[in-house]
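Asker: Now for the letters of each chain:
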Amino acid sequence: MASRKKVLLKVIILGDSGVGKTSLMNQYVNKKFSASYKATIGADFLTKEVLVDDRLVTMQLWDTAGQERFQSLGVAFYRGADCCVLVYDVNNSKSFDTLDSWRDEFLIQASPMDPESFPFVVLGNKIDVEEGRRTVSTKKANTFCQAKGGIPYFETSAKEAINVEQAFETIARQALAQEESTDFNSEFPETIPIDIPNDSNGCSC
Amino acid sequence: MAKQEPPPSPPSPTASFYDMSDDEEDDYNTIKHAKSGRGVKLLFSKSKVYVHPSPSSKDNIPGFIALIQQKSPAQTSANRPTSSSSSKTIASSSLLLAWVPESSLGDAYDTYVKVDLSDSDSPPKQKYLVPPPPTTTSHSSAVGTYAFAVPISEVFSLLVRPPSLGWWFGSVVINTRAGDSFPALFFHDSECQSTILQRKKLARESFDISSDGGGMFWGGDEVLRWLKRYVTVERSGVDNTVYLIEPSNADKVGFGGKPASPEPGQSVPEAPAGAAKSSAGGAPFPSRRDGGMDPVTKALKEARWNFLEKLSQVTTFTRRTAQAVAENPKMPPQMRRLMRNPEVQTIQEEFDSARLYLARWAMGIAEQSERERSQRIWTAKDVLEMEESEVGDFEILDMEVGNMSMADKRKPVMMDEWEKWFDMSGRLQITPDEVKDRIFHGGLDPEDGVRKEAWLFLLGVYEWNTSRDERQVKMNSLRDEYIRLKGAWWERTAEGHVTLEENEWWKEQKMRIEKDVHRTDRHIPLFAGEDIPHPDPDSPFAESGTNVHMEQMKDMLLTYNEYNKDLGYVQGMSDLLAPIYAVMQDDAVAFWAFVGFMERMERNFLRDQSGMRRQLLTLDHLVQLVDPKLYLHLQKAESTNFFFFFRMLLVWYKREFEWLDVLRLWECLWTDWLSSNFHLFIALAILEKHRNVIMDHLQHFDEVLKYVNELSNTIDLQSTLIRAESLFRRFQRMVEAIDKRSNFPAPSVRQRKPTPASPTESNANGASSGADAAPQPKRQSVGDAVAQGIGLEKQKIISPELRSLLSRKVEKLDKAELKEHGGGVT
Numbered sequence: 001m002a003s004r005k006k007v008l009l010k011v012i013i014l015g016d017s018g019v020g021k022t023s024l025m026n027q028y029v030n031k032k033f034s035a036s037y038k039a040t041i042g043a044d045f046l047t048k049e050v051l052v053d054d055r056l057v058t059m060q061l062w063d064t065a066g067q068e069r070f071q072s073l074g075v076a077f078y079r080g081a082d083c084c085v086l087v088y089d090v091n092n093s094k095s096f097d098t099l100d101s102w103r104d105e106f107l108i109q110a111s112p113m114d115p116e117s118f119p120f121v122v123l124g125n126k127i128d129v130e131e132g133r134r135t136v137s138t139k140k141a142n143t144f145c146q147a148k149g150g151i152p153y154f155e156t157s158a159k160e161a162i163n164v165e166q167a168f169e170t171i172a173r174q175a176l177a178q179e180e181s182t183d184f185n186s187e188f189p190e191t192i193p194i195d196i197p198n199d200s201n202g203c204s205c
Numbered sequence: 001m002a003k004q005e006p007p008p009s010p011p012s013p014t015a016s017f018y019d020m021s022d023d024e025e026d027d028y029n030t031i032k033h034a035k036s037g038r039g040v041k042l043l044f045s046k047s048k049v050y051v052h053p054s055p056s057s058k059d060n061i062p063g064f065i066a067l068i069q070q071k072s073p074a075q076t077s078a079n080r081p082t083s084s085s086s087s088k089t090i091a092s093s094s095l096l097l098a099w100v101p102e103s104s105l106g107d108a109y110d111t112y113v114k115v116d117l118s119d120s121d122s123p124p125k126q127k128y129l130v131p132p133p134p135t136t137t138s139h140s141s142a143v144g145t146y147a148f149a150v151p152i153s154e155v156f157s158l159l160v161r162p163p164s165l166g167w168w169f170g171s172v173v174i175n176t177r178a179g180d181s182f183p184a185l186f187f188h189d190s191e192c193q194s195t196i197l198q199r200k201k202l203a204r205e206s207f208d209i210s211s212d213g214g215g216m217f218w219g220g221d222e223v224l225r226w227l228k229r230y231v232t233v234e235r236s237g238v239d240n241t242v243y244l245i246e247p248s249n250a251d252k253v254g255f256g257g258k259p260a261s262p263e264p265g266q267s268v269p270e271a272p273a274g275a276a277k278s279s280a281g282g283a284p285f286p287s288r289r290d291g292g293m294d295p296v297t298k299a300l301k302e303a304r305w306n307f308l309e310k311l312s313q314v315t316t317f318t319r320r321t322a323q324a325v326a327e328n329p330k331m332p333p334q335m336r337r338l339m340r341n342p343e344v345q346t347i348q349e350e351f352d353s354a355r356l357y358l359a360r361w362a363m364g365i366a367e368q369s370e371r372e373r374s375q376r377i378w379t380a381k382d383v384l385e386m387e388e389s390e391v392g393d394f395e396i397l398d399m400e401v402g403n404m405s406m407a408d409k410r411k412p413v414m415m416d417e418w419e420k421w422f423d424m425s426g427r428l429q430i431t432p433d434e435v436k437d438r439i440f441h442g443g444l445d446p447e448d449g450v451r452k453e454a455w456l457f458l459l460g461v462y463e464w465n466t467s468r469d470e471r472q473v474k475m476n477s478l479r480d481e482y483i484r485l486k487g488a489w490w491e492r493t494a495e496g497h498v499t500l501e502e503n504e505w506w507k508e509q510k511m512r513i514e515k516d517v518h519r520t521d522r523h524i525p526l527f528a529g530e531d532i533p534h535p536d537p538d539s540p541f542a543e544s545g546t547n548v549h550m551e552q553m554k555d556m557l558l559t560y561n562e563y564n565k566d567l568g569y570v571q572g573m574s575d576l577l578a579p580i581y582a583v584m585q586d587d588a589v590a591f592w593a594f595v596g597f598m599e600r601m602e603r604n605f606l607r608d609q610s611g612m613r614r615q616l617l618t619l620d621h622l623v624q625l626v627d628p629k630l631y632l633h634l635q636k637a638e639s640t641n642f643f644f645f646f647r648m649l650l651v652w653y654k655r656e657f658e659w660l661d662v663l664r665l666w667e668c669l670w671t672d673w674l675s676s677n678f679h680l681f682i683a684l685a686i687l688e689k690h691r692n693v694i695m696d697h698l699q700h701f702d703e704v705l706k707y708v709n710e711l712s713n714t715i716d717l718q719s720t721l722i723r724a725e726s727l728f729r730r731f732q733r734m735v736e737a738i739d740k741r742s743n744f745p746a747p748s749v750r751q752r753k754p755t756p757a758s759p760t761e762s763n764a765n766g767a768s769s770g771a772d773a774a775p776q777p778k779r780q781s782v783g784d785a786v787a788q789g790i791g792l793e794k795q796k797i798i799s800p801e802l803r804s805l806l807s808r809k810v811e812k813l814d815k816a817e818l819k820e821h822g823g824g825v826t
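Respectively, the protein sequence lines represent chains C and W.
Positions 1 to 205 (the numbering used here) are the ones given, in order, by the first sequence.
Positions 1 to 826 (the numbering used here) are the ones given, in order, by the second sequence.
Treat the hints as calculated values from the structure; they're not laboratory data.
Hints may be right or wrong, so weigh each one.
[Unchecked claim] Derived pair list, reagent style DSSO-like, types lysine-lysine, alpha-carbon separation capped at 27 Å:
| no. | chain 1 | residue 1 | chain 2 | residue 2 |
| --- | --- | --- | --- | --- |
| 1 | C | 139 | C | 159 |
| 2 | W | 507 | C | 38 |
| 3 | W | 452 | W | 486 |
| 4 | W | 510 | C | 159 |
| 5 | C | 94 | W | 452 |
| 6 | W | 565 | C | 94 |
| 7 | W | 486 | W | 809 |
| 8 | W | 565 | C | 38 |
| 9 | W | 510 | C | 38 |
| 10 | C | 94 | W | 812 |
| 11 | W | 507 | C | 140 |
| 12 | C | 140 | C | 94 |
| 13 | W | 510 | C | 94 |
Pulled out of the complex, with its shape left as it was, chain W reads as follows:
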C-alpha cells in the first residue's frame, strides 16, 4: 500500500517550462520538453487508474487517466483558450483522453500528481506541460503495456461502470468511432488521493444526503465532468452505462435518450448541455452527477453494511409495517423507492427473514451486473471474478497450451472442427486428451449437431480409438440389445411376474416413472405437448394426454429399470435422461448414452444414500482446506452437513442452470479433464462466489438452505466454470505443498498447540465449539486441524476423500456393492 502512495508533491513546480501563467501564454506545444522536444498541456489527471491485463491482480498496471490539450493543426490562435471560461470552445480534436502507466512517466510523474491534486473544478491556472503520449485511434492486442491517447473527436462513446456490488472498482472503457474498444480502465478509488479528497469535500458540503441522487463520488464521475466542460456528453437511453461523446443526430436517434436537441435552444454543439449545466449552477459539484452508483453500492461503499443492517431492522416487521414505513413522507427517497420495488415486495412475501432477503437481493444485483458485463466487455470478466473472491491469489489461467490460446479454447467446438480430428476411416487422429481439453474449456456447439456425435464418446458408448465402421457395428448390436431389454419388461407387465413382491415393485416403479416424466422439463418444447391420447386409461394423466417424447422417456426409464434391477428407477433419473434424449432424439441411442452417464451417477441413488453422503463429506473437507474461515462460519450456522448442495450434486445442477447451460456444464464434467469429481469444484465455486453474503448475513441452517436453493437460475455458468478451474488448481497446489512438507521429518514444534493468530479467530473457535453439537468423529481430524491452524499450513491433513479429487478416473460402483446398497428389486 505504502509504495503505491503518490509521493508528496513539491511545493512549487520545479521544471521551468510549466511555470508560465495564462497571460504570458505562449505557443505552448512548441515548448521543448527535455526529452521529447515537445510538450502538451495537461488539463486534468487522475491517479491510480489501472489496466487489468490478466486475471491476476499482480499484473495490474497503475497509471493516470488524463485530459490533454494539444495544439491542433486546424486550430487558429483566435479560438485558442486563454482561460477556463472560454475552455468550451476548444475543438474536440485538440483534446486527448489519455492513459499513461506510472512507469512510463519518468520526470513527468510529479506533474501528473500535481495536476491530479489541484482543485479539479476548473482547469489548472498554471499550465502544466508533459511529454505527449502517443496518439492512437485504435489499440493493438498488446493491451495495457503502452500509453494511449485518443483525440476526443475520435471517441464515440464511453462505457461507464460505477462501482457496484459485483464490481468493486468502477471502470471506463473508451469506444472509438472506428469501432475499437480500449482496455477497461479501473478506478482504484481508495488509493487515489484526489478522489479521497474530493469525497471528503463532498461530504462536508452536502449535508442532505437524500438530495444527492447520483450516489457516491468516484473517479469515473470526475472524467465525465472533465469532458462535459468541453464537449457534449449524452447518456444513452438504450443503455444507461453508455455515454455518447458529441453524438450526431443519427447517433442520438439510435442510442440517445431523446431524439436530438435535448433542451430547447441547446441544439448547437458549441454550447454543450453539460458545460452549460455545470457553469449555470455555479456549485462546485452539480447536484446530480452522472455515472453514479446504485444506492445500495453507495451505501455499501460508504458504510459497509450499516445501511442494510438498519433496513433489515425495518423489514423484520411485518409487511404491513414495512408498507407504512414506505409511505412515510420523511423516508429518504432511495429508501422509499427500495420498498416500493415490486421485486422487494414479492421477496418479502416469500420469506420474512430480512437478512436472507437482503443477502439475496444484494447478490442479485451483483449477478445481474455480471451478466450484463459479460455480454459487453468480456475481456475484463475474468478480472471481476478474481477481485470478488477472497480465496486468495488466482494464477493466470490464460496460459498457452499447445498452440492454441485460451481465448480460442473457450470457443465452442463446431462440427467442422470435430470432423477434422478424424481421418478418412473415422479414426481419431489426435489424442483423446486433446479432445477433452477442448471440450472442457469450450464446450460443444449447441446447434450444429456435434453433440449428438461427441456425447457418445464422452459417455463411453464409443471407444475413442475406434473406426466409423466399428462404431456402426457397435451401435447396431446396442440397438438390438435395447429392443431385447425393452421387450423383457414389456412381457413381464403383460404376463405378470414371478413373485408378488416383484409384481408390486414393477407396478410401483411404473407409477413413479409415469409421475416423474410428466413433470420433467415440460417447459422444453419437445416435452411440452399433450397431443396424443394416453395409452393407459388408468394413468392419472389419462385425461390430459401425453406426447410421443414423454412416452419414449417412460420406455427408456422402464428399460433402465430392467437393465439395472439392483438399483431401479429413482427420482432424479428422469432429470438426467431428458437432456440426453433431447440431444439424441433416438431412444436406443439415448438409452445407452444414459446408461453411460448412470455408471458414474449410480452412487447418487443408493438406498442408504451412502454415495451422496460421501460426496457431501468430500465437499466438507474441501471447504475446510480451501476456505477455513467460511467453514467456521458454516459450522456456527450448523450447516456443515452441506445438505444445501444435495440437489445440485444429485442431478448435477440440473435445477440450478438454464437448459442450454446444463448441456454445456455436463459435457464439461464428462471430460474428467481435471478431476472426475469436478462437479464438487463447481459447488465450491458457487459457494465461494457467495461466501461474503453467507458470512455476513446467514446465521442458521434454514437461512443458508433457503439462500442456496434460491440461487437456482441466477448463476452465471461461464464465470462459474472459470472460477471452478482456478479453485481446482489452487487445491492441487495446496495438496502438493502439503505433501512436499510432510516428506520432511516432523519438527517437534508441530506437536505444540498453536496459539490462535488473532483474537477473532479464537472467538470463532470458542463460539463454534459451544454452540455446535460435537462434530462427527470422521471429520474431526481435518476439522480440528484447520480450525486451530488457520494459516498454519502444516497442520492440514489431506484426507483420502480430498486426495480422490485429484484423480481423473471415474469412481464406479462394483456390482456387489450395488446389490447391497442399491435398493432395487433383487
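Chain C extracted, bound-state conformation:
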C-alpha cells in the first residue's frame, strides 16, 4: 500500500427529500444549478478530482433518495465510506430534526471501525431563500454540531453557489484523514481487490 497510489475518497450525502443533496453535488462538481432536478431514485454518484495539500485525490460523491424507506437498500453504498455529509434545509425544521436519525442510521449501516471518530459534515442549505422563511437558526445548528463531537458546519446555497466550494474542501480533507487513518490499522481491509491480475490496470484509483 504505497502512498503514491491514487486515492479514492468515498463520500455519502444524506438528508431528507428535497433539501438539495443533488443540487449541492452538481453545484460542486459541475458548477451548475438547475431548478428542475427530478427527485433522485435509487442512487448515483459523481466524481471530482481535487488537490488536498498537494495530494491529488478523487472524490466519489454518492447521492441517494431522501425518502427514508429507500434507505434500507443503502448498505451497498455506505460500505467503505470515508465521510458522511448530512444536509438539511434551513427553512424546514423537520429536515433539521431528522439529522440525528440520519447520522445514527449511517453508523449502523456503514459500521465504521471507530464510530466515535468517523467524520461527518453538516450543511444547512437554501440560505438564499428570503430571511423571513428561515426556521433553523445558525445557533441551533452550531449547538447540535458541538454536541455531536464538533462536527464541521457550513451554511450553503447550491443555487447561489455560496460556501459550496469551502464546504466540500473540508469534506475532502476530513475524508482523506479518515482514509489515511484506516490505512494504518487495516485489520479489515475494506475493499482491497483479491481479483486476478487483469484487474491491475483497472480503476482501483
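With chain C's structure known, arrange chain W on it following the hints.
Answerer: Okay, now just chain W, sitting in the frame of chain C:
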C-alpha cells in the same frame, strides 16, 4: 465455417468460352452458354455477401456481389472496351450491379470465385463469362431468394454502411432511380477470401497507419472502387453514408456535397472524378478510401480492444495530462481528434474512470448508428439485434399470427381500427387477447386520442365485456367517488385530524407531494408553466407560482393518499401519475386509471422494500438462467444485487426513455400479453444489449451502476421491445426443456460434480468465490447449479421466482400484506 470456404480455384479456366484474351475478343455476349445460351462478362465479384431475409442467422443467404458487363443494345462497337484503360468509357447502361446467391450458380460458381480472387486493381485480363442474372429495376417482396442485377444507369444511390460497433457486418443497399431499395447486402468480410487477402496486402503496403484516413479495408470499399472505374460516384453531403451514382446537377444540389462540378475541369460525366483519382495516383489503393469505418471500429476490428486499452491507460491520467497528450504533435491524428472531441472532454470531466468512459462512448456510437439505421433501412434492424446479442439463437418473431403479418402488427393502433373492434352498443367484438396482442406489438397512436379510451381498459377501469352505456354508468359513479375522497382529505386538512400522529403524517405527505410535483416532468409543456399564484403562501414554491395541472396532480396524489392510507404517497408515484394525467387531462378519470396502475405497482413502494427486493432477486435468477457467463462477471463485480436496475424497475423506465417512448412502453407492459412481469424482460434486454461492454470493461459495482445510470435517454425502445420478446421466448423454451427433462427419473451421473468445461470457466468460478462475500443462501441453489454447470442444462433449476414470470396474471398485494408492509398512517 469449413463448408463456407470457397473451393480452391482451378489452376486454369476449365470452360472454353472464357479462355479468350483481349486481342481476340469477339462479340462476347453472343457466345452461347451451356445452359442459358448467353453469357455476360463478369468484371468483378466478391464472395460471402449475404442477404439476411429474417432475424435468424440461419436464414442468411450467401452469395456474390458482382459487376457485370453486358452488351448494351445502344452500344456501338466503336466504344466497346478492349482493355482496362478504356474501361471508363463503358456506358453505364451496359453495366449491371448484381447479387447472386451461391446456390443458384451451378457451374458458374468457379468463375465467380476465380474473378473474386483475381487481382482486383483492374478488370481481369481474361474475359470471364457467366450466365446473365435476371435484370431488374425493382424488387418484389420476395426478398433475397432470387438473384438480381440492376443496370448502373438505373442506380440512384448506394447506402453504404461500413462495419461499426453496432453493426459488425458492413452493408450496401442499392436504391434505384425509380425509388426502390433492394435488400441490404451484408459483407461477411472474415469469410471472404479476397477481402482477407486484400487486407493483408494493404497491411504490407501501408506502414504508416496514421496516413490512412479511410479506416480499415472492407468489402463495401471494394464495390465503390469498382464503380468509380466506370461512373461518377459522389458522396452525399447531406448523409455521408449515401453515395450518388452519376448524379444529375439537381441531385447534387439536393444531396451532394458540393453544388455541382466538384473540381474544375471535371464537370463532364465522361471523365468521372473517381476514375481520374484512381488512375492518377497509380497506387494500388488510393490513400483515402471512401466508405471507411470510424476509427474506433477500425481499431476494434483490427486489434479488438487493444487500442482502447492503450487509450484507457492514457486517460487514467488527469485531464490535464490528457490535454498535454492531445497536444503532442507526435500523436496520430485520430487519437488527437478523439481527445479534442468535446463530448469526450465532458465525459472526462464527469468521471475519470477511463474504462467506464470508453465503455459508454463505444456503446454510444453503437446506439447512435442503430438509431440512424432504424430510420432508413428498418427491414434489416431486427437482424442487427440478433447479430449483436450473444445470447444465442433467436427464433423468427415474424411469424404469421392470425391473418396479420408481424410488420402490420407493429404499426400503432389508430382510433378507427380501435373503433372497428366494437359493435353499435360499444361492446368489444373481438377477444381481449386479440386487442392485447395488437397493442403489445404495435402500441397505440400517440396523437389521435385512442390512448384516452384504450388505457382505461388496459388499466382495469373498464371491464372488457361492457357496453358503452355500462361504462358511462361506471364512470359516473367513479367521478362521484373521486369527489367524495377528495372532500375527505380536504376536510381533514381544514378541520384537523383525530390524532397528532395522523396530523403529522398528513402534513408530511402534503409537503412531500408538493415538492415532488414541482419536480416531475416539468419539461413537458403541460407541467412547465408557472402562470397562477400558489394557493398556499407557506409553500416553498409560493414565490415561483404554479399551474393548474400541477395543482391537479397534487390533488390526485393527496386523494390517493386518502384512498390507500395503508401505503400513502411514496416518492416515484408522481412519475407514474404524470403520463396518465397528461393523456387523460381529466383529474377524476386519470385518478382511477392511476389507481388501476398502482394496484400492480404497490409492491414497489412498501416500507420494507420487499417487493423491490423480490423483483431484483427474480432478475438475478433470470440472468443466471439465460446468461450465466454475464452473471459470473456481475458476481465478480459484486453487482448481483442488481441494484443498478432499481430505478428502472421502481418507475418502469420512466427516467430511461423519452416521454413518448414511456407511454408506448407502459401500454405494452399493461397488456400482460406474454408475462405480467414483462418489465423484467425489458431489463434483461437492456442488460444483454450491453453485456459485452459490461464484461469487457466494468469490474466494480460503482462502474456498473454509473454505466447503467448513464444509459438514461440513450436506449432505443423499438429494438429493446423486440429483443425483450425474443428473450422471453427463449426463457420460455428453456423452462419447457428443463421441465421435460426433469420428468424423467434422475440419472445417477447427475449427482457427480461436473468437471468445468474449460479452464477459463474454472478460473472464473475460483475468482468469484474468492473475491466475493458468500452469496445469499436463497440464491445459492440456482447460482451454484449454474455456476458449475454452464452448458449443462440439467443442472439448472427453475426457481419459483422464475416460474412466476410465465404467468400473465398480475400479482397484487392483499390488504393484510399491505397493512403490514405498507408504511402508511394506519
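Asker: It remains to establish, for every hint, whether it holds in the given structure.
Answerer: Hints, one by one, checked against the model:
no.	hint	verdict
1	139/C to 159/C	23 Å, holds
2	507/W to 38/C	22 Å, holds
3	452/W to 486/W	23 Å, holds
4	510/W to 159/C	24 Å, holds
5	94/C to 452/W	40 Å, violated
6	565/W to 94/C	22 Å, holds
7	486/W to 809/W	31 Å, violated
8	565/W to 38/C	25 Å, holds
9	510/W to 38/C	18 Å, holds
10	94/C to 812/W	34 Å, violated
11	507/W to 140/C	23 Å, holds
12	140/C to 94/C	13 Å, holds
13	510/W to 94/C	13 Å, holds
The structure is inconsistent with the numbered hints 5, 7 and 10, although it conforms to all the rest.
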